[in-house]
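Build the full structure now, drawing on both the sequences and the hints.
Numbering (the working numbering), first residue to last: 9 to 286.
Treat each hint with caution, since some may be false.
To be verified - Pairs of lysine-lysine residues, derived as BS3-like cross-links and limited to a Cα-Cα distance of at most 25 Å, are as follows:
#: 1; residue 1: K112; residue 2: K172
#: 2; residue 1: K181; residue 2: K193
#: 3; residue 1: K193; residue 2: K172
#: 4; residue 1: K112; residue 2: K193
#: 5; residue 1: K250; residue 2: K55
#: 6; residue 1: K181; residue 2: K112
Claimed, not checked - What follows is a set of in silico ranges between Cβ atoms, one per label pair, in the way DEER data are often shown:
#: 7; residue 1: I140; residue 2: V254; range: 27 to 33 Å
#: 8; residue 1: V132; residue 2: S180; range: 42 to 48 Å
#: 9; residue 1: S247; residue 2: R192; range: 56 to 62 Å
#: 10; residue 1: D123; residue 2: A187; range: 24 to 30 Å
What the hints contain is simulated information worked out from the structure, not anything from laboratory work.
Small disclaimer: the values here were computed from a predicted structure and weren't measured.
Even for Gly, the Cβ is constructed at its ideal location relative to N, Cα and C.
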Amino acid sequence: MPSLQEGFNARKRMLLLMAGSFGFLLVVLILSFGLSNDHLRLGAGGKNLAPSLEHWFGTDWLGRDMFTRTIKGLRLSLAVGAFTSLISVLIATVLGICAATFGKAVDTVISWLIDLFIGMPHLVFMVLICFIVGGGVQGIVLGISLTHWTALARVVRSEVLQIKTAEYIQVSKGLGRSAWFIARKHIMPAVFPQIMIGFLLMFPHVILHEAALTFLGFGLSPQTPAIGIILSEAMNHISTGKWWLVVFPGLLLVVVIKSFDSIGEQFRILMEPSSSNE
Numbered sequence: 009m010p011s012l013q014e015g016f017n018a019r020k021r022m023l024l025l026m027a028g029s030f031g032f033l034l035v036v037l038i039l040s041f042g043l044s045n046d047h048l049r050l051g052a053g054g055k056n057l058a059p060s061l062e063h064w065f066g067t068d069w070l071g072r073d074m075f076t077r078t079i080k081g082l083r084l085s086l087a088v089g090a091f092t093s094l095i096s097v098l099i100a101t102v103l104g105i106c107a108a109t110f111g112k113a114v115d116t117v118i119s120w121l122i123d124l125f126i127g128m129p130h131l132v133f134m135v136l137i138c139f140i141v142g143g144g145v146q147g148i149v150l151g152i153s154l155t156h157w158t159a160l161a162r163v164v165r166s167e168v169l170q171i172k173t174a175e176y177i178q179v180s181k182g183l184g185r186s187a188w189f190i191a192r193k194h195i196m197p198a199v200f201p202q203i204m205i206g207f208l209l210m211f212p213h214v215i216l217h218e219a220a221l222t223f224l225g226f227g228l229s230p231q232t233p234a235i236g237i238i239l240s241e242a243m244n245h246i247s248t249g250k251w252w253l254v255v256f257p258g259l260l261l262v263v264v265i266k267s268f269d270s271i272g273e274q275f276r277i278l279m280e281p282s283s284s285n286e
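What follows is the structure in structure tokens.
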């Protein structure tokens, strides 16, 4: 059995890790608003310049500052990721609660939907939705949100099924409380930690898929300073020795994804300490 001091130290490390991840993401957001768009003008800093003190990430073949493009691209990815994750979480929450509360017929239909979406290859389904919608932000939001709700919906359904049998729920029903009152006062507060964990863990996947769809040409427009666009364009120049066009945007994308993944994982451990004892 771990001692009290060991548990305190572990929780302290988790909080420090979460604070560090949040701090890094906050710095990225602040920089994205503080950097001037003048650095994105064609030929503003000289073409194909290697990293230097003046241009930390170098410049591209059009003379645009790569540090500015990368930071602003990450801001866009974070915004799209937050909005898409929110929609996906809302779908999962509504369907999970409906499956657990509206009888066996509804549960069967929703469970069939979950199995159907899980059985489809995510990337193929996302590309198909993006192609039908016409790409852009709306294509990414719909494509990712409609394919990433299934796992969280199962978790919410399972949690609600357990909560329904709790004694305080039966007492509330016996007092004549409405189903809406029970859902708002008892069910939602109980499943909110799971929903929050699902949102945080979904965020990095959304950002990664957004970059992948944009890289494949089904996402954001080429004029948008998104990470996927930057990496896709850089592939045409990497063979000429312009390594900085790929390395720095790719590394920052990985760091952002790992930061959110770390925040979600540590939050899950804080909410469910038993899950860390594996």
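These are the hints, each one checked on the structure:
1. K112 with K172: holds, 14 Å
2. K181 with K193: Distance of about 12 Å is within 25 Å: holds.
3. K193 with K172: holds, 13 Å
4. K112 with K193: holds, 24 Å
5. K250 with K55: Given that 25 Å is the threshold and the Cα spacing comes to 11 Å, the pair holds.
6. K181 with K112: holds, 20 Å
7. I140 with V254: 27 to 33 Å: holds, 30 Å
8. V132 with S180: 42 to 48 Å: holds, 45 Å
9. S247 with R192: 56 to 62 Å: Holds - the Cβ-Cβ distance for S247 and R192, about 59 Å, lies within 56 to 62 Å.
10. D123 with A187: 24 to 30 Å: holds, 27 Å
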